[in-house]
Structures are given as structure tokens and as C-alpha cells.
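Protein sequences appear in the order of chains A and B. For the first sequence, position 42 matches number 42 in full-length UniProt numbering, and the numbering has no gaps at all. For the second sequence, position 12 matches number 12 in full-length UniProt numbering, and the numbering has no gaps at all.
Worth flagging that the hints you see were computed from the coordinates, not collected in a lab. For clarity, every value in this text was computed on a predicted model and none was experimentally measured. We put the beta carbon where it would ideally sit given N, CA and C, even for glycine. It is possible that some hints are incorrect.
[Said to hold, decoys possible] Not everything, but these chain A residues come out facing chain B in the computed CB check (under 10 Å):
id, residue
1, MET1
2, GLN3
3, GLU16
4, ILE19
5, ASP22
6, HIS23
7, GLU48
8, ASN49
9, MET58
10, GLN70
11, ASP72
12, ARG80
13, VAL92
14, VAL94
15, GLU95
[What the hints assert, rightly or not] Simulated crosslink set (SDA-like; lysine to any residue; CA at most 25 Å straight-line):
id, chain 1, residue 1, chain 2, residue 2
16, B, LYS34, A, CYS8
17, B, LYS37, A, GLY96
18, B, LYS103, A, THR27
19, B, LYS156, B, ALA322
20, B, LYS34, A, THR27
21, B, LYS197, B, ILE228
22, B, LYS156, B, LEU9
23, B, LYS34, A, THR10
24, B, LYS37, B, ILE228
25, B, LYS37, A, HIS60
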Amino acid sequence: MPQWIRACATDDIDEEDLIRFDHAGATYAIYHSPEGDFFATAGLCTHENVHLCDGLVMGHLIECPKHNGQFDYRTGEARRTPVCVNLRTFPVKVEGGDVYIEVP
Amino acid sequence: MAKRDYSLLGSDGARAVETGLAAAEWYHTDVPRKVMKELMQRSDQPAIRDTIILYGCMIAFAAGGIALWGSWWCVPFWAAYGVLYGSASDSRWHECGHGTAFKTPWMNNAVYEIASFMIMRNSATWRWSHARHHTDTYIVGRDPEIAIMRPPAFVKLIGAFFGIPDVIAFFPRMIQNALSGPTAEERTFVPQSEWAKVQRVAILYTAIYAATLATAVWMGSILPLMVIGLPRMYGAWHHIMTGLLQHGGLADNVIDHRLNSRTVYMNPISRFIYWNMNYHVEHHMFPMVPYHALPRLHETIKHDLPAPNRSIAEAFAEMWPALRRQLAYEDYFLRRDLPPTAKPYREDFHRAALGDLPDALPAE
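Here chain B stands alone, though its shape is the one from the complex (with noise of 0.2 Å):
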């Protein structure tokens, strides 16, 4: 296969539309209509309980910093206070931008509009984003939240760790948009009636920026900003480590979620940060399923999906090792086993979108 052209004005994206991968019907796990309106019902109620906790906690921690700024006893405070700013925002804004986390829309409204803000992605951007990303995943050329391209740049990956990345990409599109609205290749996914909106959110993310910059200035310390904008690089870890692991090492150009998502088993803690994206088979397969709710959809439709991984550390070892072959073969993937009680995987769907290539998928 040639080489993947990344940009969604590139060919990649043009042969997408053309062999019908873009857009595609997807597969999906039968599950009883009765079951399935269950697990969408939604509640307040779970979103709550967690948004008091996490905006509680961040409030906590910050003061902690704060009064011990100047000695080493502030570390801890600032550790804890940057994971859930620069990490639980991810999730936060990933959820509420779906309209899931909340029954009520003005909560789900607003928790999306601070998440966006301090995960660093215009609000109005990004809500179009990641539409696409639920209708072309890991569709090479149309899907623009591909987060591991081939072949894998790792000294990219690992910044990511610290944002960096992210963070050089985010202020000069921010006074982009801030000037002259979406780019050229953010006006492919969001409509013109919202390109109005994208520069609005944008002026606003640059003058809090420049009021709390003016603010270190002014006090000659860096403390505002370890209170705004820092966390999203020294808390960016947790949510790459989680968001790696979503579609690392998998395929791309396929139609069935099975073959591109990885669900992982984690602890409570990274739960509550990621709010349940580690079941993110059984979230793009059912979109519409609330966070709080995936656990139970994991037990209605696991016989039809691969093995979760059960640790981080396990994704990650299967993950790693697949990525560095990839440098060498951009084409390699990790195919799973599906457990007897699957049906078998589609890949009849995207063969025949590609072409029906025989060497064009190798996997192990």
C-alpha cells in the first residue's frame, strides 16, 4: 500500500469517498431493542455526583499548591490538581460534547464549554471533529482525531506526554481562528452556519490567555499560570496514556469497530478520570450509551468482541511492540481473536471498498 496521506484534503480522503470507506455502514453487535433503550436512558444524577467531585478536588488541590507555593510540599498538589486539569478535561469534554454525560443539556453545554477551554480545543471545532471521528474511525484521510499516524512518530508520542505537542499546535490556530476563523481543512467538517462561532470561542480563549499571562507579569510568577494553562502540559499524561490506547497498534480503513478499538480494564481511579472510555469498542459501537452505563453494555456485547486487555500495562505491552514494527511496515496491525461466540469480523465490507487487496491488510 502507498504511503497514508494524512491530510483530509489529501487523496486518501478522495479514495475514501470514492470506494464508499468514508461514510460506510458499520458493523454492529445485535443487541435486543428493549436492552439497548435501557442503556441509553439517560440521568443527571451519575455526572453530578462526579462533577462535584472533580471540580472539588481541583479547587482543593489548587489552593494546596498555592499555600505551599515555594516549598516542595506544593509537588504533590500540583500533580494531582494538572491530572485532572489536563487529562479529566479529555473525558469531560469527549462525553459532554456527545450530550451523554447529562440528561439535562445545559449541564452537558456548559461542562463541555470549561473542558474544551482547559483541554486546549475550540469548543466549536472540535464538537464537528469529533462527529467525524465517530463516522470515518481510523479512516485515513477523513478521520481528523487520528492520534498514532504510520509510521508512528515516537519522539511525538512521547512529548504528547507532556502536551507539547498539542500545545504548539493549539496557540497559533487559536490566533488563527481568533483572525480569521477555521482553517482551510477544519472548514471540510464544520458547517459555514458555525465558522462564526469557531473565531468567537477563539478571541475568547485568547484574551483569557493573555489576561493570565499579564498576570504572571505582573506578578512576576509563574503561579497563574500552573493555574491555568500549565496542567494542560504537566497533567497532560493520564489522557495520553488512556487515548493512546484507544486505537494504537490496530487497524486502520476498516468498517467494524472491533478491528480498530481496544477495550482495556482499569483501575477506579483512571476510570473516574476517563470516565469509562476504557470501553471503547462498546462506545463507538453504541455512541449514544451514557459513560455511566458502559460497564453494563461491555457485559451485554463482550461475547462479541475481542478480549480486553486487563491492565494498562498489558495494552501497552501488546500496543508498543506493534507500533515499533510499524516504523519499519507501515501496513502491520494487531488482529485479535474473537471469542467463538462472535460473529466473525467484516472485513469483507472494507475489502471490497479497497479493492479487494489481498496483501493489503497483513496482520498478526
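If we strip away everything but chain A, and leave its shape as in the complex, we get (with noise of 0.2 Å):
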């Protein structure tokens, strides 16, 4: 059954920029677009298990800090070689300065 969990704060992570998140044993990435928009991914890269909140936001791309293969943050897709595999992404939802997503 999903449901919404609160990650942070809004002003908890700098624009252009992600923070990791943690919950019943899975971790997330936590962005902060360019524009002010929030999203999330999964927190791990689909190439190896590196965590993307040590990488690098580009605009709207995440750069995995160990091999250096790009995602598009807003739909998951692999946009760099050595990821070949789409980053899951899920809903935010951006309320009273907190942001939620909702996790399976």
C-alpha cells in the first residue's frame, strides 16, 4: 500500500542539489532542481550499488560519483553510459515547507 512519508525540509537541501533519505531499509535521493521543483529516485545507482546522494547535479542530471553514468532525475531515464537500466522515481508532493514522497 503506498504512502506518503515526509524526507525533509525544503530548505534542507541547496537548489541543484540532492540529498539521500532512508526508510524501512530502502534509501532514496532526495533533488532539488534548478526551477525549485523537488523529485525523487531510488538511491542507488542502477549500475552498481554506489549511493547518487555522494554524486553530481548537472540542470537535471545526476552524475553517480563512482563511474561517472548520468540519470535524468525527473523520469529515472539513463542517460550516460555506464548506466543502461532507468532509475525508479516516485511522487513528490511539496507541503507546509516539507517535502513527501510516496514510497511503495
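Reassemble the complex: the two chains are provided individually, in unrelated frames, and hints are given to aid placement.
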């Protein structure tokens, strides 16, 4: 049953950056885009189990810190090798200065 | 410890997967997120400048070599051209393969393809090979880019300064790739979606070398091969000299880059050719930092790293005796002291993975 979980406050993440959020044994990445929007994806790269939270956000791309693979964090689309498998994304909403993600 | 099995299909690789030594979480020096973000920032400007200098010098040196062909005056021109072709292409292949040299993706890809051809590495295969090298750096049976296996094969190492083993290995593999795609070993790290690309690249390389060879035969001169192909041999010495220092004589089967990688201070010309990969511990620990930011990264984390070697000569003086000792005793390696400001080596990580063998990792 999907549920909305508070992940962080909106000002916990700089624009064009991300943070890690762990919940119920799963790890997620929460993004703050240059336009001020928030997004959420799985926290680990699909190439190898590396946390994306240490990577670099460039516009709408997140670059994995280990092998420099890139995803569009808005859609999860794999954009640069060595990543070939898309990243799972999760719905996000902002309420009262807090960021919520819908987790399965 | 039993004799090492470097085959990617062999027992050591399987053991590394079973024990968790493969694809492990490696030690990282703590760097504040704000500082790391600044260090990771991309820029086209430094790499455009360096690429114009590199290709401009190559054109000028090749023109000088061709113009003076037949006299001894051509030798210094070919020597300089060879190093830029046969050695600088290694670092360009490397940095552009990471996608960090330029900010603009097509620039990275263009220089990567040119450099891959010059250094005689299938551009499709080696992108994946290097990803594995970063995942499992010097993990025996997992890392396809271990330059110095144990016991060291000195004849092969010395031949590498002239490109001999690389070139001998490259051409049969190029033909094999052109005919049937990646080899069985290559298929362990190249995803199936890329196999056709490996074959296409190999066909292209084969066509270029065949055309160059045909031109040389038609001219009755090796001059075309002096421009394409042979510089991978007569100009290889610099990238071998610097490349052997990256991990030579240091630990294998560990998951702390401070134990298996070496940072060496180098002269500005070597750093241009090598694109700052002399900061090799830093590069492995944080591969998303571009080459032009590595000196700043070094200043940021050097308190947590072994002291760098102060010159290429000093690094060889440290490494070469260690390699000689590995001839008699494969498990020997150099274990450099950490400064008092550093966190201890995380030997517990790999010792646990290796079954906590107390005598498995002798060192000085």
C-alpha cells in the first residue's frame, strides 16, 4: 500500500543538489532542481550499488560518483554509460515547507 | 596465499564475488559536501585549451618530421610527436572516458574516440573495462586493467615502454572483435547491448590500419606508419613510465585506495601529458573530480593520505625494488605510513573479506 512519507524540509536541500533519505530499509535520493522543484528517485545507481547522494547534480542530471553514469532525475532515464537501466522515480509533493515522497 | 589467478573467468574473481571483496564499499576521506560540489564542477575551458595545444603540437611536430624525413633532423620531431600520440592519448582516453574533462558531452566523446584509436583500445570495450577498474581496483580476478601482475613479468614490463605487448595483443583482438564481437572475457564486463558497437569500432579501426598500411606499401615508405600506428610504440614510454607508478608495488585485494594507489609529484610537462593523473589516490577516491581540479583536491585531502612521492625518479626508486621482491615472494607489497592526521587504513574491510588471514598481507 503506497504511503506519503515526509523526507525532509524544503530548505534541507540546496538548489541543484540532492540528499539521501532512508526509510524502511530502502534508500532514496531527493532532488532540488534549478527551477525550485523537488523530485525523488531510488538512492542507488542501477549500474552498481553506489549511493547517488555523493554525486553531482547538473541541471536535471544526476551523475553517479563512482563511474560517472548519468540519469535524468525527473524521469529516471539513463543518459550516459555505464548506466543502461533507468532509475526508479517516486511521486513528490511539497506541503508546508516539507517534502513528501510516495513510497510503495 | 595461493598463486594469483588474474583471469576474469578464474577462481580468484569468483572468490572475490563470494567474499564481498568485489563491488565493495571503499574508504573515502571525509570532504564537506559544499567543497566536493565545488571540486566536481565541470568546465570546457581548461580541456579546450589543452586540446588545442595537444593537437596543434602534434600537427606541427608531424609536419616537421615529414618535411625533414630522410635526415636525422627529423628524429626529435618524431620523438615529440610520438609521445603526444602514444602517451598523451592514454590520459585523454582516460579523462574523456570518465566524462569529466569537458563540460560538454560531445567534446568528451569526440576526444575519447580519437584517443581510443591512437592508444589502440576499442573505444566501446574499454569504457566498460575502466568502469570495472574503478569498481574493483586491483582486485585479482576482477580488475581487467592490472598493469603489473604478480610475480612481475619484467621482460613484458620493459617491452611495454616500447608498446610491444600492447600492440601484439591489440591487433589479433581487433581482428577477432571485427569478425565476432567481444571475446568471452570481454563479455563479462561489456553489457550485451554494447556488443555490436564493439564490433563496429573494431571494423572501423581495421579499415583505417589497412588503409594506412596500403598507403605505406604504395609509397614504398614507412612514413604513413610513422604518423598512424607506430607512434603507439615509439612514443609509449611516457604513459608506461607514469602508468606503472599508479599502483605498482602496492597492495592488491584491498578496499582502501590509499593502500593500492600512488600519488607522485611531477614536472609540468609530464603533468600536461598525463593530465594530472599523478594525483592517483585522489582520482580513485573521487573519480568525478575533473583533472584540472585534482591539485585542489589533493590540497584538500592530503592530510589523510600517505605522503606523495616527490618525483618520478623517487617513485621508481620506491617501486622497482618492491617489484623485484615480488618475484620471490608474490604477497609482498609496500605499505606506506600515514601522517598522524590521517584515519587508519581500513584493513579490517578486506581482511574480513579474505577470511581474516593474519599472514595474507605481509608488507613493509
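Here is how each hint holds up against the structure:
1. MET1: 32 Å, violated
2. GLN3: Since chain B brings no Cβ nearer than about 29 Å to GLN3 of chain A, farther than 10 Å, the hint is violated.
3. GLU16: 9 Å, holds
4. ILE19: Given a least distance of 9 Å, the restraint on ILE19 of chain A holds.
5. ASP22: 15 Å, violated
6. HIS23: 20 Å, violated
7. GLU48: Where the cut-off is 10 Å and the nearest Cβ of chain B is about 6 Å from GLU48 of chain A, the hint holds.
8. ASN49: Because about 7 Å separates ASN49 of chain A from the closest Cβ in chain B, which is inside the 10 Å limit, the hint holds.
9. MET58: With Cβ-Cβ at 7 Å, under 10 Å, it holds.
10. GLN70: 8 Å, holds
11. ASP72: 13 Å, violated
12. ARG80: Holds - the Cβ of ARG80 of chain A comes within 10 Å of chain B, reaching about 6 Å at its closest.
13. VAL92: 21 Å, violated
14. VAL94: 22 Å, violated
15. GLU95: 26 Å, violated
16. B:LYS34 <-> A:CYS8: 19 Å, holds
17. B:LYS37 <-> A:GLY96: This hinted pair is violated, its Cα atoms lying about 28 Å apart.
18. B:LYS103 <-> A:THR27: Since the Cα atoms of LYS103 of chain B and THR27 of chain A sit roughly 29 Å apart, the hinted pair is violated (cutoff 25 Å).
19. B:LYS156 <-> B:ALA322: 17 Å, holds
20. B:LYS34 <-> A:THR27: Holds - the C-alpha atoms of THR27 of chain A and LYS34 of chain B are around 22 Å apart, at most 25 Å.
21. B:LYS197 <-> B:ILE228: Cα-Cα ~23 Å, so holds.
22. B:LYS156 <-> B:LEU9: 22 Å, holds
23. B:LYS34 <-> A:THR10: Between LYS34 of chain B and THR10 of chain A the Cα gap is close to 18 Å, so the pair holds against 25 Å.
24. B:LYS37 <-> B:ILE228: Violated. LYS37 of chain B to ILE228 of chain B sits at ~40 Å, over the 25 Å cutoff.
25. B:LYS37 <-> A:HIS60: 15 Å, holds
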